[in-house]
Every structure is written in C-alpha cells, then in structure tokens.
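J.: What follows is each chain in one-letter form.
There are 2 protein chains.
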Amino acid sequence: MHVIVTGGAGFLGARLIQRLLDEGAPIDGERITRVTSIDLAACPVADDRVESLTGDIADPALIAKALGDDTGAVCHLAAVVSAQAEADFELGMRVNLDATRTLLEACRAHPKRLRFLFASSLAVFGPGLSQPVAEAIGPQPRSSYGAQKAMGELLVNDYSRRGFVDGRVCRLPTIVVRPGKPNRAASSFASSIIREPLAGVEVICPVVGELPLWLSSPRTVVANLVHALLLDGAALGDWRTLNLPGITVTVTQMLDALERVAGPSARQLVRVEPDAAIDAIVASWPGGLEVERPLGLGFQADSDFDAIIHAYLDDERGDELDN
Amino acid sequence: MHVIVTGGAGFLGARLIQRLLDEGAPIDGERITRVTSIDLAACPVADDRVESLTGDIADPALIAKALGDDTGAVCHLAAVVSAQAEADFELGMRVNLDATRTLLEACRAHPKRLRFLFASSLAVFGPGLSQPVAEAIGPQPRSSYGAQKAMGELLVNDYSRRGFVDGRVCRLPTIVVRPGKPNRAASSFASSIIREPLAGVEVICPVVGELPLWLSSPRTVVANLVHALLLDGAALGDWRTLNLPGITVTVTQMLDALERVAGPSARQLVRVEPDAAIDAIVASWPGGLEVERPLGLGFQADSDFDAIIHAYLDDERGDELDN
Ligand SMILES: NC(=O)c1ccc[n+]([C@@H]2O[C@H](COP(=O)([O-])OP(=O)(O)OC[C@H]3O[C@@H](n4cnc5c(N)ncnc54)[C@H](O)[C@@H]3O)[C@@H](O)[C@H]2O)c1
Ligand SMILES: NC(=O)c1ccc[n+]([C@@H]2O[C@H](COP(=O)([O-])OP(=O)(O)OC[C@H]3O[C@@H](n4cnc5c(N)ncnc54)[C@H](O)[C@@H]3O)[C@@H](O)[C@H]2O)c1
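Taken in sequence, the protein lines are chains A and B.
The first sequence: position 154 = 182 (the working numbering), numbered continuously.
The second sequence: position 197 = 225 (the working numbering), numbered continuously.
These are computed hints drawn from the structure, not numbers from a lab.
Worth double-checking, as some hints may not be accurate.
What the hints assert, rightly or not - Straight-line distance between alpha carbons at most 25 angstroms, and here's what the computed SDA-like set of lysine to any residue pairs gives:
hint, chain 1, residue 1, chain 2, residue 2
1, A, 140, B, 326
2, A, 93, A, 29
3, A, 140, B, 81
Unchecked claim - Under 8 angstroms between C-beta atoms, here's a sample of chain A residues computed to sit facing chain B:
hint, residue
4, 160
5, 165
6, 167
7, 168
8, 178
9, 186
10, 189
11, 190
12, 191
13, 273
14, 275
15, 297
Remember, it's a predicted structure, so these values are computed and weren't measured experimentally.
Cβ coordinates follow ideal geometry from the N, Cα and C atoms, glycine included.
Model the full assembly from the supplied sequences, consistent with the hints where possible.
T.: Given below as structure tokens:
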C-alpha cells in the first residue's frame with residue numbers, strides 16, 4: 029500500500045514516515061510499501077521507498093501526481109504554524125484551510141475510500157474552560173491557526189460522514205522537545221527553554237512559570253499518529269475528532285525537571301521575559317484535556333516530563349533526522 | 029446608515045428588512061435609512077428605502093455593488109438550507125461556506141469596521157448531548173449544512189477577533205410556524221404539521237411524537253436578530269457566537285397545542301410516518317440549549333407553543349409578506 033504524507037519534510041512528518049516504514053504498519057492487512065512526501069522542502073528520510081515531491085500542497089496538480097492506484101491513506105501534516113498564520117492571514121487560510129479542502133477533494137475523487145489522517149491541534153480551544161476539558165467542549169480559537177484547524181476538522185468529519193474519506197482527526201498537544209532551531213509556532217518556546225539550556229545556551233521564556241501546558245514527546249505523538257492511522261474507523265465512531273493524550277506540566281515544573289536532569293546551571297540559562305503576543309495565543313490553550321476515551325482506544329501518554337527530556341537526549345544521540 | 033441583508037427575499041430576511049425599517053433601529057446612534065437585499069429572488073418588501081439586487085451571493089461583483097460608503101452593517105442570511113445542502117454538497121459548500129468568506133473579505137476591504145450578523149443554526153450540534161446544552165459545547169454536526177454553518181461561525185469569529193468586522197453569530201432555533209409552502213429544510217415538517225391542519229389540509233409528520241424540538245416563532249427570532257445587530261459588540265465579549273433562546277417542545281406537545289387551538293379535527297389531519305433521512309438530521313439536533321447569558325443580554329424567548337400558533341394566525345391575517 030502507498031501512503032502520502034504532506035509536510036513530510038517537517039518535524040513530525042519526517043518522523044511519521046520513518047516510523048511507518050520501520051513498522052511496515054499494515055493497514056487493513058496490507059503492508060505499507062511506499063510513501064510519498066509532499067512538502068515545500070525535500071523529505072530528509074533516506075529510504076528507497078520514499079518519494080519526495082516538492083511544491084505547494086495547495087496545488088491540485090501536485091496532489092494528483094502523488095495519488096496512485098495503490099494509495100490507501102493520506103496523512104495531512106503540512107501546515108503554516110500558529111505564530112506565522114497569525115502574522116500572515118492569507119497564507120494561513122490558503123495552506124491550512126484551502127489546501128486541506130483541495131486534498132480532501134482529490135481523495136474524494138479517488139476510486140477507493142482513502143484513510144485521511146489530519147493533524148489538528150489543542151490550539152482550537154479557547155480560554156476559560158474548566159479543566160480537564162471534556163470531549164464535547166467546542167473550539168473557540170483565539171488564533172487564526174486554531175480557527176483554520178477547527179474548520180479543517182469540520183471538513184474531515186463531514187467528508188467522512190458522507191463516505192468521501194475515512195477520516196481521523198488528531199488534536200495534538202504541544203510537542204516537546206523539538207530539536208533544531210525555534211520555529212514559528214507560538215509554542216516554540218516550550219522546546220527552546222529545555223533544548224537551549226541542555227546545549228549550554230541562554231534562552232528567554234516568554235510566558236510565566238504558572239502557565240500549565242499540555243505536552244507530548246515527539247515519540248509518543250508519532251506513535252499515536254500511527255495508531256490513529258491503523259485503527260479501524262468504526263472504533264472511532266461517528267465523530268472522528270480525538271484529543272490526543274498529553275501530560276499537564278507548568279513551565280516551572282518543566283524547569284524543575286530540567287534542573288533534575290541537567291543541574292542548576294542549566295536552569296540558570298533560562299530568563300523569564302513575558303511577551304504579550306505569545307502569551308495571548310498560548311495562554312488561551314487549555315493545560316489539560318479529558319482523554320479517557322482515546323486512552324481506552326489504545327492511544328498513549330508520556331509518563332512524566334523528566335522522561336520527555338531523557339527521550340530527547342536519547343533521540344539526539346541516535347536520530348539521523350535531527351537537524 | 030445603509031444595511032445589507034443577504035437572503036432578503038427569504039422567509040426571515042424579508043421580515044428582518046421590514047422590521048429594521050419599521051423601527052428605524054439606530055446602530056451606534058445612526059438611523060437606518062436604506063437597505064439592500066441580495067438574493068436570487070427579488071425582495072418582497074414594498075418600501076422605497078429597499079433596493080433589491082438579484083443574483084448569486086457568491087459573486088464578489090454583486091457584493092461590491094451593494095457596499096457603499098454609508099454601509100454600516102451586513103446581515104448574512106442567504107443560505108442553502110439543510111436537506112438541500114445534504115442533497116447537493118457542492119451547492120452547499122459554495123453558498124454556505126465560500127459565499128460567507130467572500131462576503132467577509134468584501135467587508136474587510138471596506139474602510140469602516142462593519143457589523144456582520146451571521147444566521148447560524150442549532151444544526152451545528154450533534155447527537156448525544158446532555159440537555160440543556162451548555163454554551164461551551166461544540167459543534168459536531170451530522171449534516172453538511174451544520175458543518176458549513178459551523179465553519180461560517182469560525183470565520184466570523186476570527187474576522188471579528190482580527191478586527192476585520194464586528195461580528196455577531198446567532199444560532200437560530202427551528203423557526204415555526206413558517207407560512208407558505210414546505211421548503212427544503214429538514215425541519216420543514218415542524219411548520220407543516222401546524223400550518224396544513226390549520227388550513228384543513230392533511231399532512232405527514234416524518235418524526236416520532238417524543239422528539240423534542242428547540243423552537244422560536246418568526247416574530248421572536250426577528251426581534252432577536254435585530255437585537256443582535258444593535259447590541260454593542262463589547263457586550264458579547266470575545267467569542268461572538270450565541271445560542272438564541274427557544275422553547276423545548278415535543279412533536280406530541282405541538283400537536284396537543286394544535287388541538288387546543290383548532291380542535292381535534294385539525295389534529296386528525298396529521299399522520300405520523302417516520303422518514304429515516306429526515307430523522308437522521310433532525311434527531312441529531314438538541315431539543316434544548318442553555319440560554320441564561322443571551323437572556324441576560326436581552327434576547328427573548330416565546331412564552332409557549334400555543335402562543336406561537338396564535339402569533340402565526342395573527343400574522344397570517346395581517347402580514348403582507350406571507351406568500
Ligand atoms: N509540533 C507541535 O507542537 C504541534 C502541535 C499541534 C499540532 N501540530 C500540527 O502537526 C503538524 C506537523 O507539525 P510539525 O511540528 O511537524 O510542523 P513543521 O513546521 O515542522 O512541519 C510542517 C511542514 O509543512 C510544510 N509546509 C508548509 N506549508 C506548505 C505548503 N504550502 N506546501 C507544502 N508543504 C508545506 C513545511 O515545509 C514543513 O515541512 C502540523 O499540521 C501542525 O499544525 C504540531
Ligand atoms: N427558518 C429556520 O428554521 C432557520 C433555522 C436555523 C437557521 N436558519 C437560517 O436563517 C437564515 C434564513 O433562513 P430562512 O428560513 O429565511 O431561509 P429561506 O430559504 O427562506 O431564505 C434563504 C434565502 O437565501 C437565498 N439564497 C439561497 N442561495 C442564494 C444564493 N446563492 N445567492 C443569493 N441568495 C441565495 C434564497 O433565495 C432565499 O431567499 C438562513 O441562513 C438559515 O440557514 C433558519
């Protein structure tokens with residue numbers, strides 16, 4: 029079976045491709061034999077079974093080129109992330125909303141009912157929710173990114189209900205520790221405040237210590253994305269949106285863990301300097317969600333934040349995808 | 029001040045135009061001096077202050093033609109209703125989603141920050157909610173109409189948050205008694221089972237008697253739409269979506285009221301013959317919503333269903349808009 033991963037050059041997309049190929053994960057009994065990445069950049073996964081199409085995901089011709097008779101699933105991860113979608117409204121609408129729709133239309137035209145995995149985000153939620161946030165609670169996003177993801181969720185659900193695709197929508201927690209450089213997600217600091225001190229580099233934390241975050245490690249979220257793709261759609265029921273498990277950790281607790289793992293000198297490299305623009309977005313996201321149903325369906329959460337730091341250090345040593 | 033009403037030839041649009049002109053409702057201290065209807069059909073309101081532009085609301089040229097320097101508000105009521113949007117997916121997407129976006133873009137380009145009233149629907153909700161449904165509960169629509177309205181809500185909120193428009197989203201209850209002929213809303217029966225027997229005509233009720241509906245009379249909902257338009261945006265807070273008040277009435281209670289008002293012979297004209305396609309849509313909608321906040325903001329509900337029937341009979345006598 030052929031699988032398409034949009035955003036296959038990205039942080040999670042590349043890891044998802046690697047993992048799908050490592051596991052050979054069978055979908056409906058069929059093993060994954062090839063993967064196509066669609067991304068502005070080339071997919072870094074060095075494997076004969078990976079084809080890398082570079083270009084704009086909003087381009088229907090590119091999508092048509094990727095789809096084959098053997099395609100069984102599309103994992104849609106390409107996105108303009110939160111702070112960038114806030115800064116450039118048109119770009120966010122085009123990539124996060126229009127391209128999602130174009131992709132869904134292409135899947136609908138495919139002779140098979142394709143599995144369609146959509147990476148949404150806890151950024152769909154607004155402030156003031158009693159926590160942990162229950163499953164029925166609705167999106168009231170305070171960012172254009174969140175609004176665009178929430179519209180994408182509705183599209184995937186309606187296309188699924190009509191039988192155009194077999195959709196699965198995963199609302200991702202904030203993923204830490206992201207290796208490499210800061211990106212244009214409003215939550216980028218959540219990785220930086222751990223990653224930079226571990227590398228002996230000073231870093232500014234733009235939010236207050238009391239802020240609770242809903243976190244997952246890259247390993248765990250990629251395992252959850254694979255699980256969402258392999259699950260029988262019927263197990264998800266009629267409504268295809270899932271809040272993926274995470275752990276609730278305040279910024280101060282993250283820094284405590286940093287100190288436990290790397291000592292007080294590492295922690296001293298972090299300087300708190302609140303930034304109103306970042307805070308307006310990140311503080312509107314809930315710090316904890318109710319996830320009994322997803323846990324019951326076999327989705328996983330990290331054990332604690334120390335384990336997340338240790339997993340990062342392990343990955344940094346072993347993982348060729350880090351850049 | 030000039031106000032645009034899309035769907036101005038429709039059931040509610042025409043009544044809204046009439047009421048805005050009757051009241052001369054001042055917005056920000058400025059009286060409404062002219063209204064433009066944009067609709068496929070001509071606006072039936074006979075008043076010099078009404079200009080009727082006929083054409084497709086998805087056409088940006090038509091919208092540009094309607095907008096003037098004196099425009100202060102847009103009331104967006106044009107829509108492809110539920111059963112039709114279910115039968116014709118493309119049409120629903122084009123009118124309910126794309127045209128809403130086109131209209132919002134046109135408003136954004138206007139030099140003033142325009143008030144933007146969007147008629148959404150309780151059809152955004154899905155089944156299985158504990159009732160009355162709390163404000164924070166999210167859309168999980170089981171119809172393409174509901175999905176398109178839910179996306180429209182997100183657009184209006186994000187355009188408001190960014191300051192592109194001053195939006196107000198009203199989720200309308202099912203409106204009864206609608207005069208005239210059945211339309212292509214899945215809830216059309218809710219009017220027919222009262223209207224036809226009152227006219228001595230037999231009618232089929234496609235849902236079971238126990239089904240609770242969330243209802244409002246045309247008078248009340250039009251008063252609420254005017255109220256939503258005139259309210260200071262700040263009173264609504266950051267999130268601009270409101271569940272409009274209604275009353276919870278089962279189909280059997282509706283027929284009991286019919287019998288009280290028009291006698292047993294009227295009731296005997298109603299034959300229950302459940303229709304799975306109608307039921308799948310209508311039974312997924314909640315029969316009651318929590319509306320303390322909107323009531324606190326001055327929105328109204330009807331007193332009971334008998335009053336709704338009496339109001340219909342009154343209107344039928346006096347109202348030149350009935351067709
Ligand atoms: N990492 C997180 O904390 C997090 C949290 C919630 C949700 N998500 C979602 O998960 C998905 C993957 O996130 P990530 O962290 O890997 O992000 P990323 O920025 O590393 O990857 C996104 C990829 O999308 C590509 N892309 C952007 N615009 C494109 C376009 N027009 N055409 C083709 N490709 C385009 C980028 O080149 C990039 O490789 C995204 O949908 C994101 O919104 C991530
Ligand atoms: N009546 C109800 O029970 C109810 C309930 C919930 C929500 N609503 C919403 O309230 C609004 C008004 O409803 P209504 O009952 O007056 O419906 P209606 O069908 O009577 O009016 C809708 C109007 O939109 C116009 N229209 C449709 N497509 C168009 C297009 N492409 N270009 C221009 N005009 C177009 C139609 O010609 C019609 O006059 C709608 O948005 C509807 O979804 C109504």
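J.: Look at each hint and say if it fits the structure.
T.: Right, here's what the structure says about each hint:
| no. | hint | result |
| --- | --- | --- |
| 1 | 140/A x 326/B | violated (52 angstroms) |
| 2 | 93/A x 29/A | holds (16 angstroms) |
| 3 | 140/A x 81/B | violated (44 angstroms) |
| 4 | 160 | violated (13 angstroms) |
| 5 | 165 | holds (5 angstroms) |
| 6 | 167 | holds (6 angstroms) |
| 7 | 168 | holds (5 angstroms) |
| 8 | 178 | holds (5 angstroms) |
| 9 | 186 | holds (4 angstroms) |
| 10 | 189 | holds (7 angstroms) |
| 11 | 190 | holds (7 angstroms) |
| 12 | 191 | violated (11 angstroms) |
| 13 | 273 | violated (19 angstroms) |
| 14 | 275 | violated (23 angstroms) |
| 15 | 297 | violated (35 angstroms) |
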